[in-house]
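Chain order of the listed sequences is A and B.
So for the first sequence, the working numbering puts the first residue at 10; every next one is plus one.
So for the second sequence, the working numbering puts the first residue at 10; every next one is plus one.
The set of hints was computed from the structure by calculation and includes no laboratory data.
Accuracy of the hints is not assured; some may be wrong.
Any copy, or any two copies together, can satisfy a pair, since identical chains are not distinguished.
Taking lysine to any residue pairs in the SDA-like style, the calculated list, with each CA pair at most 25 Å apart, reads [as the list claims (entries may be wrong)]:
| no. | residue 1 | residue 2 |
| --- | --- | --- |
| 1 | 89 | 351 |
| 2 | 89 | 259 |
| 3 | 204 | 306 |
| 4 | 204 | 318 |
| 5 | 89 | 219 |
| 6 | 89 | 289 |
| 7 | 204 | 71 |
| 8 | 357 | 206 |
This one's a predicted model, so the numbers in the text were calculated from it and none came from an experiment.
2 protein chains.
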Amino acid sequence: MGRNLLIAHGGGPTSVMNAALYGVIRECEAQSDVAEVLGARHGIEGVLAEEFVDLGRQPAAVIDALPGRPSSALGSCRRKLSDTDYEQIASVLESYDIGCFIYQGGNDSMDTAMKLSRMPEAERVGLRVVGLPKTVDNDLPETDHCPGYGSAARFYAQVARDMDVDNQALPSPIAVLEVMGRNTGWLAAACSLGKDTPEQGPHLIYVPERPFDDASFLADVRDVYNRHRRALVVVSEGLVRNNGIPVYISDRAVDCDDFGHRLPGNVGKYLADLLGDEAGLRARNLKPDLWGRSCAMLQSATDRDESIALGRHAVQMVVAGWSGIMLNLVRTSQEPYEFDIGAVALEKVANVERPMNS
Amino acid sequence: MGRNLLIAHGGGPTSVMNAALYGVIRECEAQSDVAEVLGARHGIEGVLAEEFVDLGRQPAAVIDALPGRPSSALGSCRRKLSDTDYEQIASVLESYDIGCFIYQGGNDSMDTAMKLSRMPEAERVGLRVVGLPKTVDNDLPETDHCPGYGSAARFYAQVARDMDVDNQALPSPIAVLEVMGRNTGWLAAACSLGKDTPEQGPHLIYVPERPFDDASFLADVRDVYNRHRRALVVVSEGLVRNNGIPVYISDRAVDCDDFGHRLPGNVGKYLADLLGDEAGLRARNLKPDLWGRSCAMLQSATDRDESIALGRHAVQMVVAGWSGIMLNLVRTSQEPYEFDIGAVALEKVANVERPMNS
Numbered sequence: 010m011g012r013n014l015l016i017a018h019g020g021g022p023t024s025v026m027n028a029a030l031y032g033v034i035r036e037c038e039a040q041s042d043v044a045e046v047l048g049a050r051h052g053i054e055g056v057l058a059e060e061f062v063d064l065g066r067q068p069a070a071v072i073d074a075l076p077g078r079p080s081s082a083l084g085s086c087r088r089k090l091s092d093t094d095y096e097q098i099a100s101v102l103e104s105y106d107i108g109c110f111i112y113q114g115g116n117d118s119m120d121t122a123m124k125l126s127r128m129p130e131a132e133r134v135g136l137r138v139v140g141l142p143k144t145v146d147n148d149l150p151e152t153d154h155c156p157g158y159g160s161a162a163r164f165y166a167q168v169a170r171d172m173d174v175d176n177q178a179l180p181s182p183i184a185v186l187e188v189m190g191r192n193t194g195w196l197a198a199a200c201s202l203g204k205d206t207p208e209q210g211p212h213l214i215y216v217p218e219r220p221f222d223d224a225s226f227l228a229d230v231r232d233v234y235n236r237h238r239r240a241l242v243v244v245s246e247g248l249v250r251n252n253g254i255p256v257y258i259s260d261r262a263v264d265c266d267d268f269g270h271r272l273p274g275n276v277g278k279y280l281a282d283l284l285g286d287e288a289g290l291r292a293r294n295l296k297p298d299l300w301g302r303s304c305a306m307l308q309s310a311t312d313r314d315e316s317i318a319l320g321r322h323a324v325q326m327v328v329a330g331w332s333g334i335m336l337n338l339v340r341t342s343q344e345p346y347e348f349d350i351g352a353v354a355l356e357k358v359a360n361v362e363r364p365m366n367s
Numbered sequence: 010m011g012r013n014l015l016i017a018h019g020g021g022p023t024s025v026m027n028a029a030l031y032g033v034i035r036e037c038e039a040q041s042d043v044a045e046v047l048g049a050r051h052g053i054e055g056v057l058a059e060e061f062v063d064l065g066r067q068p069a070a071v072i073d074a075l076p077g078r079p080s081s082a083l084g085s086c087r088r089k090l091s092d093t094d095y096e097q098i099a100s101v102l103e104s105y106d107i108g109c110f111i112y113q114g115g116n117d118s119m120d121t122a123m124k125l126s127r128m129p130e131a132e133r134v135g136l137r138v139v140g141l142p143k144t145v146d147n148d149l150p151e152t153d154h155c156p157g158y159g160s161a162a163r164f165y166a167q168v169a170r171d172m173d174v175d176n177q178a179l180p181s182p183i184a185v186l187e188v189m190g191r192n193t194g195w196l197a198a199a200c201s202l203g204k205d206t207p208e209q210g211p212h213l214i215y216v217p218e219r220p221f222d223d224a225s226f227l228a229d230v231r232d233v234y235n236r237h238r239r240a241l242v243v244v245s246e247g248l249v250r251n252n253g254i255p256v257y258i259s260d261r262a263v264d265c266d267d268f269g270h271r272l273p274g275n276v277g278k279y280l281a282d283l284l285g286d287e288a289g290l291r292a293r294n295l296k297p298d299l300w301g302r303s304c305a306m307l308q309s310a311t312d313r314d315e316s317i318a319l320g321r322h323a324v325q326m327v328v329a330g331w332s333g334i335m336l337n338l339v340r341t342s343q344e345p346y347e348f349d350i351g352a353v354a355l356e357k358v359a360n361v362e363r364p365m366n367s
């Protein structure tokens, strides 16, 4: 009988974090080297507070429902960790006899996983840490794509496709669709996936990787509108100007995350208003917002299956003795699409962002 | 061989207008009293411009795809008709030998249908006019519910359900979900359809039928937040204060429809900002907006089937000689849900709105 395995979630949830959790639980059942499989409530917060769920003793119906259930069933958190926190984490893990820790999250979380794996305490107690990638923004490097992105991409592609059909019904509509993506435009770009002809929307897509300019924007929309008598304009929530300043951002003190970053949002309304004020064009704005990461109906089956496979593989790797790595998706064939699972050192992904033009 | 039948769409599209169109086309095929079935492009605009589609000569694949395709394949319009317009419509209908006119729309459109049916020219040329109800807002009287409402209700109920699951993942989130509904709260109320327990969101729903008060709103949200450590707040786009003034509305000249009505929108952002400013609570706002009427994935099968049946029935009624009526849905059994199709005089619905407290 081996030692215990812990799984925790970090950062914003996705449509398929629970699918990876399902893979972890099912694989642990198959591994004699794992004694108990525990889940931390609300990520690292739950580790610090010793709030664990015994995942091996949940009703079968709850476990079986996990793959199709978006969000994080365990709960997640965004916490900036202090040195004392790290020491406490190591001490909690030791006291629960946790030899394997699987942490799923974005690049902040991979930084946490890396630091944990490198602690002297980790070596002393034989703790192994393996990271699982996850972001709807798709901004993690060293993986073909991030689990969670596929479902969110499908969601926003569907919004764009449906809205262009809607826009064809009434004369001369302009819609500005705001899409998630704090620093990268992967999700905004995905809005073109349902486009079959150049006449179809989205007609314009603006991403954070390209500095935004008001005059060009107004000219672009006018031009599209004159040609098609409608315009579906997609904008990333994180658009910035040439000077790096966000095109629109709340100046409210409450609108900051725990890392002190100002939260983006409502640039779509700002730009729809700009079209009214500066170009005399009536524009609606849409902001499906976080529903893009939690829409049960538009979860991607490929995204779900890859996440289950990643969860299983993470258990196999950590049990086999690996530590300090993040698993990744490797595209082995484009047509038909096939993938394999590999691994990279955590230092290659911790705090690193992958923009579209990289 | 009979005379020709015309179908046209008025007002904003819904998820199931094309389903009714499908019913009309299929029933016309079965009726020897109908010579040709024509569709007007962009509603009354297409009648005035003599832009008709020969619906009997479309590829079978196009017709078969109609029921599952949201929006209006014919196109719709919002046009305030003058006396000259009415005369021109009568003259166009006569020159195309149109004896039957089916007009699907909201209460503005039912007013148009009524006026057309009462024109002296209508009697002279033997024109019969039958209205089909349609609104996502569900604000038409004299029908159990409006075709289009069921799908939009399903959409917003799903947003609310998914977002509450998302909100449970991270600590202390507050979300303000803006829902369609210019003057009535039917769609906002539908957000509670996916709620199984009192702890689940939506925790608060604000509708236009109840005057909105800032202080009560702030106190309500604070109270929910203190109890649940999260709050999902649903607001109708058309919220008004005690004095009848909208809680938030654009003051831009372009943000008016062709009837001169100011278009609602972004009250959700306004209220999320208010929570930050007045209560120090960080709140996100969501605005899925018109996607609620055009989301292909969340079309309701019941809504679709009822619309097909209404389309078929409209042809039967107008061919049988009826005119000046709107077909309606009559609930004949609650459990299991069963419906029948009836009819009311157009004057009972023209320009009449049905709020929730009626």
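Hints, one by one, checked against the model:
{"no.": "1", "hint": "89 with 351", "result": "neither (29 Å within a copy, 63 Å between copies)"}
{"no.": "2", "hint": "89 with 259", "result": "within (22 Å within a copy, 40 Å between copies)"}
{"no.": "3", "hint": "204 with 306", "result": "both (20 Å within a copy, 17 Å between copies)"}
{"no.": "4", "hint": "204 with 318", "result": "neither (30 Å within a copy, 32 Å between copies)"}
{"no.": "5", "hint": "89 with 219", "result": "neither (30 Å within a copy, 43 Å between copies)"}
{"no.": "6", "hint": "89 with 289", "result": "between (45 Å within a copy, 22 Å between copies)"}
{"no.": "7", "hint": "204 with 71", "result": "between (38 Å within a copy, 18 Å between copies)"}
{"no.": "8", "hint": "357 with 206", "result": "neither (39 Å within a copy, 45 Å between copies)"}
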